[in-house]
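Q: Work out the full structure: start from the sequences and follow the hints.
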Amino acid sequence: MQTTNEYNRKRYRLGLWFVAPAVFVLLIVLAYPIFASLVLSFLRVRFAGQGLSFEFNGLNNYADLLRKDLFREALFRSVYYTVIEVVSVIVLALLVALMLNHPLGRSAFYRVVLLVPWALAPVANAVLWKWIYNANYGILNQALRGLGAIEENIIWLGKPWLALNMILVADIWKAVPFIALLILAGLQNIPSYLYKAARLDGANAWQQFVHITLPGIKTTFVISIVLQSIWALKVFDLIYVLTKGSPADSTVLLNYLSWRETFSNLDIGYGAAIANVLFALMLMLALVYIRALRPRQPQAQGG
Amino acid sequence: MPIIQRFLTRFFIRFGLITFMLLALGPVIWAVVTSLLPLSSLTSHPIDLNPANVTVENYILVFASSRGLVSGLINSLIIATFTSAVGLVIGSMAAYALARLNMPNSSRILMMILATQMFPGIVIVIPLFLVMSRTGLVDTHFGLIIVYLSFILPIVIWILKGFFESVPMELERAAAVDGASPFQTFRYIVLPISLPPLFATGVFAFIEAWNEFFFAIILTRIHVKTASIAIAEFSGQYQTLYGQMLASAVLASIPVVALAIIFRRFILEGFVEGAIKA
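As you go down the protein sequences, you meet chains A and B in turn.
For the first sequence, the positions run -3 to 299 when my numbering is used.
For the second sequence, the positions run 0 to 277 when my numbering is used.
Calculated from the structure, these hints are not laboratory results.
Since we're looking at a predicted model, the values are computed, not measured.
Check each hint, because a few of them may be wrong.
Claimed, not checked - Using C-beta positions, here's what the derived DEER-type ranges look like:
{"hint": "1", "chain 1": "A", "residue 1": "G54", "chain 2": "B", "residue 2": "I59", "range": "56 to 62 angstroms"}
{"hint": "2", "chain 1": "B", "residue 1": "G235", "chain 2": "A", "residue 2": "Y28", "range": "31 to 37 angstroms"}
{"hint": "3", "chain 1": "B", "residue 1": "Y237", "chain 2": "A", "residue 2": "V108", "range": "31 to 37 angstroms"}
To be verified - Listed next, the in silico SDA-like pairs over lysine to any residue satisfying Cα-Cα at most 25 angstroms (straight line):
{"hint": "4", "chain 1": "A", "residue 1": "K6", "chain 2": "B", "residue 2": "A174"}
{"hint": "5", "chain 1": "A", "residue 1": "K214", "chain 2": "A", "residue 2": "Q203"}
{"hint": "6", "chain 1": "A", "residue 1": "K6", "chain 2": "B", "residue 2": "D138"}
{"hint": "7", "chain 1": "A", "residue 1": "K240", "chain 2": "B", "residue 2": "D138"}
{"hint": "8", "chain 1": "A", "residue 1": "K64", "chain 2": "A", "residue 2": "L160"}
{"hint": "9", "chain 1": "A", "residue 1": "K64", "chain 2": "A", "residue 2": "S246"}
{"hint": "10", "chain 1": "A", "residue 1": "K155", "chain 2": "A", "residue 2": "L66"}
{"hint": "11", "chain 1": "A", "residue 1": "K192", "chain 2": "B", "residue 2": "L7"}
{"hint": "12", "chain 1": "A", "residue 1": "K192", "chain 2": "A", "residue 2": "V79"}
{"hint": "13", "chain 1": "A", "residue 1": "K155", "chain 2": "B", "residue 2": "L72"}
{"hint": "14", "chain 1": "A", "residue 1": "K214", "chain 2": "B", "residue 2": "F213"}
{"hint": "15", "chain 1": "A", "residue 1": "K6", "chain 2": "B", "residue 2": "F6"}
{"hint": "16", "chain 1": "A", "residue 1": "K214", "chain 2": "A", "residue 2": "N97"}
{"hint": "17", "chain 1": "A", "residue 1": "K214", "chain 2": "B", "residue 2": "A114"}
{"hint": "18", "chain 1": "A", "residue 1": "K6", "chain 2": "B", "residue 2": "Q183"}
{"hint": "19", "chain 1": "A", "residue 1": "K192", "chain 2": "B", "residue 2": "F6"}
{"hint": "20", "chain 1": "A", "residue 1": "K240", "chain 2": "A", "residue 2": "I168"}
{"hint": "21", "chain 1": "A", "residue 1": "K155", "chain 2": "A", "residue 2": "E69"}
{"hint": "22", "chain 1": "A", "residue 1": "K240", "chain 2": "B", "residue 2": "E207"}
{"hint": "23", "chain 1": "A", "residue 1": "K155", "chain 2": "A", "residue 2": "N137"}
{"hint": "24", "chain 1": "A", "residue 1": "K6", "chain 2": "B", "residue 2": "A114"}
{"hint": "25", "chain 1": "A", "residue 1": "K6", "chain 2": "B", "residue 2": "D177"}
{"hint": "26", "chain 1": "A", "residue 1": "K192", "chain 2": "B", "residue 2": "L113"}
{"hint": "27", "chain 1": "A", "residue 1": "K6", "chain 2": "B", "residue 2": "N104"}
{"hint": "28", "chain 1": "A", "residue 1": "K192", "chain 2": "B", "residue 2": "V137"}
{"hint": "29", "chain 1": "A", "residue 1": "K240", "chain 2": "B", "residue 2": "L72"}
{"hint": "30", "chain 1": "A", "residue 1": "K240", "chain 2": "A", "residue 2": "N97"}
{"hint": "31", "chain 1": "A", "residue 1": "K214", "chain 2": "B", "residue 2": "L113"}
{"hint": "32", "chain 1": "A", "residue 1": "K214", "chain 2": "A", "residue 2": "P99"}
{"hint": "33", "chain 1": "A", "residue 1": "K6", "chain 2": "B", "residue 2": "E207"}
{"hint": "34", "chain 1": "A", "residue 1": "K6", "chain 2": "B", "residue 2": "I192"}
{"hint": "35", "chain 1": "A", "residue 1": "K240", "chain 2": "B", "residue 2": "T239"}
Idealized CB from N, CA, C, for every residue including glycine.
A: Structure (structure tokens):
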């Protein structure tokens, strides 16, 4: 038998050894790059012979952001995209979750159905929608023509706002399942005696929904909104496969713009500045997530 | 009236469930069906869905042609396997330390790890690309695996920490009373009973690494192109070979969709619930 003190010291020392590798890796692949990206955004980076040359550029990269129309448009479109995506995903996911929580929808089969779009490789998803939207042979045009809704084939990815909204549809389709699963888990955590008590008090279905269901999934809601906003701000794969930013740069969103400036136009400092704007937006959202998850004060157990 | 109301409610929910199923599975089924049809059927008006035309020629063509899908699948397999394996080893140790080894401020460390999930990839990939091109790590398996750990490690630590906390403290106390060192307790008591969640977490990490696209498009050139890259390039260069494009998308999705369905219980109970509980 060892003394408690000595044992605890051993545990502490082991703990340090155990966290060290993970901390080491995360410092290299997260902490350093985040710091370096901030520094880069104040530099002008040029290709000089074999290597790169760096020179201090002050706030010029950020001043460029304000000056360039494309950045402002991309920022506006990113916000539009995020808002529409979050609202649509949350509403649809809530509908799906409520149906799957109803006795008629409890079958495990429906949960398997939800997992399919979620697990699908994002690039495969993009290719799939590229085929559905295909102007000549796509099923969307054929179905709409068959129904008599349209007479001419529509070039879904060929018009500025239309293309962006079609990308949104493909993204929403893939995003609903996971959020629906989150909300479903939240619904199942609501104790059923609350509903029983409400029914005894004569509450109708709508009153139960407003006074028990919605408050019961409030935290889940906040988390879903934050996670989905972060994912919507990061959209890249769909743009890359479906439009590459066309037509006329109308589907260029912040993440895509930052990638293009950095890796196609090789304007590394400017690309980093855009990335940092995106980072700041997401950090604010992450703080909301952390607040929502913060353990609440333990409640006194009634007894 | 309650009977009619009940009938209507059930009718609407059935209707909603069928709509939901069609919307969720329709596009996937459509992709599978059209990947099994020859180009001539797909490009006729209207699409010729005659089952007599069903063929696996698209699959044979994407395997036979040198369009990088085969090497892409192999690269994805290597990278996803190593990322999840290394992530599990390093991540389980860190998770155990945070859950049980009295790390100072472990809840704050955990929040930081969780916040790292939310960094946009573009912020970290620009500096990493500069460093990696100078050190020759661009377009190597090792380079991509290390970068993938940036998003795999936090998830692994988060899920496993929750599991380790549910291991009864008495088990570990009993081991300590019997004279086991903390390391022996971890190695011989905690790890063996944690194999199912460890394995399931590994599967989850595998799916995430397999599906990753953004880092791969920046950090690979020729040798370690993943399946996702191969598909994206294919759809850019040969965009009129619809059948083959879809066949490669189906091929790249089968492993991850199958894993997700096989391990659905874990994904539903472990990960989904973990995301909403602190």
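Q: Does each hint fit the structure? Answer for all of them.
A: Hints and how they fare:
1. A/G54 to B/I59: 56 to 62 angstroms: This hint holds: roughly 59 angstroms between Cβ atoms.
2. B/G235 to A/Y28: 31 to 37 angstroms: For A/Y28 against B/G235, whose Cβ atoms are near 33 angstroms apart, the range 31 to 37 angstroms holds.
3. B/Y237 to A/V108: 31 to 37 angstroms: Check passed, 33 angstroms falls within 31 to 37 angstroms.
4. A/K6 to B/A174: Holds - the C-alpha atoms of B/A174 and A/K6 are around 14 angstroms apart, at most 25 angstroms.
5. A/K214 to A/Q203: With Cα atoms ~16 angstroms apart, A/K214 and A/Q203 stay inside 25 angstroms; holds.
6. A/K6 to B/D138: violated (42 angstroms)
7. A/K240 to B/D138: Roughly 23 angstroms separates the two Cα atoms, so the pair holds.
8. A/K64 to A/L160: holds (21 angstroms)
9. A/K64 to A/S246: At roughly 15 angstroms apart (the allowed maximum being 25 angstroms), A/S246 and A/K64 satisfy the hint.
10. A/K155 to A/L66: Status holds; Cα separation ~17 angstroms.
11. A/K192 to B/L7: holds (22 angstroms)
12. A/K192 to A/V79: It is violated: about 36 angstroms lies between the C-alpha atoms, which goes past 25 angstroms.
13. A/K155 to B/L72: violated (35 angstroms)
14. A/K214 to B/F213: Not OK: A/K214 and B/F213 at ~32 angstroms, beyond 25 angstroms, violated.
15. A/K6 to B/F6: violated (65 angstroms)
16. A/K214 to A/N97: At roughly 17 angstroms apart (the allowed maximum being 25 angstroms), A/N97 and A/K214 satisfy the hint.
17. A/K214 to B/A114: Roughly 21 angstroms between the alpha carbons, so the hint for A/K214 and B/A114 holds.
18. A/K6 to B/Q183: holds (12 angstroms)
19. A/K192 to B/F6: Holds. A/K192 to B/F6 sits at ~21 angstroms (cutoff 25 angstroms).
20. A/K240 to A/I168: holds (19 angstroms)
21. A/K155 to A/E69: holds (16 angstroms)
22. A/K240 to B/E207: Judged against 25 angstroms, a Cα distance of about 24 angstroms means the pair holds.
23. A/K155 to A/N137: The given pair, whose Cα atoms are some 15 angstroms apart, holds under the 25 angstroms limit.
24. A/K6 to B/A114: violated (30 angstroms)
25. A/K6 to B/D177: holds (15 angstroms)
26. A/K192 to B/L113: It is violated: about 37 angstroms lies between the C-alpha atoms, which goes past 25 angstroms.
27. A/K6 to B/N104: holds (18 angstroms)
28. A/K192 to B/V137: violated (60 angstroms)
29. A/K240 to B/L72: holds (24 angstroms)
30. A/K240 to A/N97: violated (40 angstroms)
31. A/K214 to B/L113: Given pair A/K214, B/L113 holds - Cα atoms ~20 angstroms apart, limit 25 angstroms.
32. A/K214 to A/P99: holds (22 angstroms)
33. A/K6 to B/E207: violated (36 angstroms)
34. A/K6 to B/I192: holds (23 angstroms)
35. A/K240 to B/T239: Given that 25 angstroms is the threshold and the Cα spacing comes to 17 angstroms, the pair holds.
Checked against the numbered hints above, the structure violates hints 6, 12, 13, 14, 15, 24, 26, 28, 30, 33; every other hint is satisfied.
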